[in-house]
Each structure stands twice: as structure tokens, then as C-alpha cells.
Amino acid sequence: MKTVVYLCLVGVSHGFLFNLNTHGGSKTITAKTDVRPECIDWAHNGTCDFYDCFEQRFPCGSSGYALGYGGKYCRKFQQSQFRSLFNTAGQVFLDKMSKCEMDAVLPFYEQQSITCSTEYDLVFKHQEDCYIQSGYCDVVLDNFDGFLKTFDRADFLNFKLINQVLNAAKRCHVDISQAIISKYLGR
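Under mature numbering (1 follows the signal peptide of the UniProt record, and there is no 0), residues -15 to -1, 1 to 172 are what the sequence shown spells out, in order.
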């Protein structure tokens, strides 16, 4: 099993594998609610309730970004049972990352219509930058167990997530992608 996971990680890190899922579908959804000022404030403050606003405005469902990823992990990282798995620097990273992600999602919230799968893909592209800006390079290895225990098993098969994690690791002052793969395979 570890060999299969390793081959998948290597394939993703070298661009051989691609996620073919269409998150939330490819249909265009017109806004169902108005833009609410409190929702914009929540996004600027990194408050997880922003994702509820997004889902109410654009109901992409559990396979969309707001419910299926952003909101889900925003809330998990705030729960003490998961947050306590991270050291102080790791918790600071989680807060910065959450706010950065919401800043990336906010322009979609303010649009009049979106395509769920396109929004999901574009936000994922911004996340790699958010990782770096939020201090990922300095916290990922020391907090690796926290990440493993917080993310759902199924999300480790999300090639976009794996690719994003490894690409961010390659952008660190020292490429730590091999260290991440080794830590993962050592479990």
C-alpha cells in the first residue's frame, strides 16, 4: 500500500497525475441571495461563517469548495480536538491560512454567477500562495501529525491537494517535498 501511495505522490509531484473530478459540477449558478456586508466582514476576519454565506449565495453542495473543503476544514481547524494537535506556530499558520483562503474566495462571493467547478479549481490555485504567505515552510514538518489527523482520508486522494502541498513544499527556502513524502510513508 505504501508503494502505491508513494507512486501516486511522486506522480503528482512530477505532474503525471491530474484530478479529473468536477467539484460541484460545471453548471453556472446565479446568485440566490444578495451580498451581505457581515459576510464580507467575516471573510476579512477569517471567520468560518463566511463559507455558509457563500453556500447560501451559490449552493454548490458538498462537492463545492465552500462546503466540501473550505468551510469543512476552516471549522475542523478551529475545533480544540484538532487545533490542539498543532504547536503555537502551527496554530498561527492555521489562522493566517484561513484568512488568506477567504480573501481568495471573496471575489467569487461578490460575483453574480459562478461555475462551481471553476471556482473550486481557481481557489485551489490560490491556496499554494496562501500556504507560502502563511508560513507553511516553517510549520509543516513539525505539525505533520496534526495535518494528517485533521484531513479526511478521502482528501489524501485529491490530487489537487497533494499537488498543491508538494508544490508549496518545493517553493520553500529548502525543498521539503521529499521530507513530506518520507514522513507520510513513515506512518
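Think of the hints as simulated: they come from the structure by calculation, not from any bench. Among the hints, erroneous ones may be present.
Unchecked claim - Have a look at the derived ranges for each label pair, beta carbon to beta carbon: (1) Val159 with Lys17: 30 to 38 Å; (2) Pro44 with Asp130: 29 to 37 Å; (3) Gln96 with Ser47: 17 to 25 Å; (4) Leu126 with Gln97: 15 to 23 Å; (5) Asn72 with Ser48: 27 to 35 Å; (6) Gln97 with Ser167: 26 to 34 Å; (7) Ala139 with Ser69: 33 to 41 Å; (8) Asp34 with Lys168: 17 to 25 Å; (9) Asp19 with Ala164: 44 to 52 Å; (10) Asp19 with Gln66: 17 to 25 Å; (11) Val159 with Pro22: 18 to 26 Å; (12) Lys155 with Glu95: 29 to 37 Å; (13) Lys134 with Thr13: 34 to 42 Å; (14) Leu107 with Val20: 12 to 20 Å.
Keep in mind the model is a prediction, meaning the values are calculated, not measured. For each residue, glycine too, the CB sits at the ideal point set by N, CA and C.
Hints, verified against the model:
no.: 1; hint: Val159 with Lys17: 30 to 38 Å; in the structure: violated, 46 Å
no.: 2; hint: Pro44 with Asp130: 29 to 37 Å; in the structure: holds, 35 Å
no.: 3; hint: Gln96 with Ser47: 17 to 25 Å; in the structure: holds, 21 Å
no.: 4; hint: Leu126 with Gln97: 15 to 23 Å; in the structure: violated, 43 Å
no.: 5; hint: Asn72 with Ser48: 27 to 35 Å; in the structure: holds, 33 Å
no.: 6; hint: Gln97 with Ser167: 26 to 34 Å; in the structure: violated, 47 Å
no.: 7; hint: Ala139 with Ser69: 33 to 41 Å; in the structure: violated, 23 Å
no.: 8; hint: Asp34 with Lys168: 17 to 25 Å; in the structure: violated, 33 Å
no.: 9; hint: Asp19 with Ala164: 44 to 52 Å; in the structure: holds, 47 Å
no.: 10; hint: Asp19 with Gln66: 17 to 25 Å; in the structure: violated, 36 Å
no.: 11; hint: Val159 with Pro22: 18 to 26 Å; in the structure: violated, 43 Å
no.: 12; hint: Lys155 with Glu95: 29 to 37 Å; in the structure: holds, 32 Å
no.: 13; hint: Lys134 with Thr13: 34 to 42 Å; in the structure: holds, 37 Å
no.: 14; hint: Leu107 with Val20: 12 to 20 Å; in the structure: holds, 19 Å
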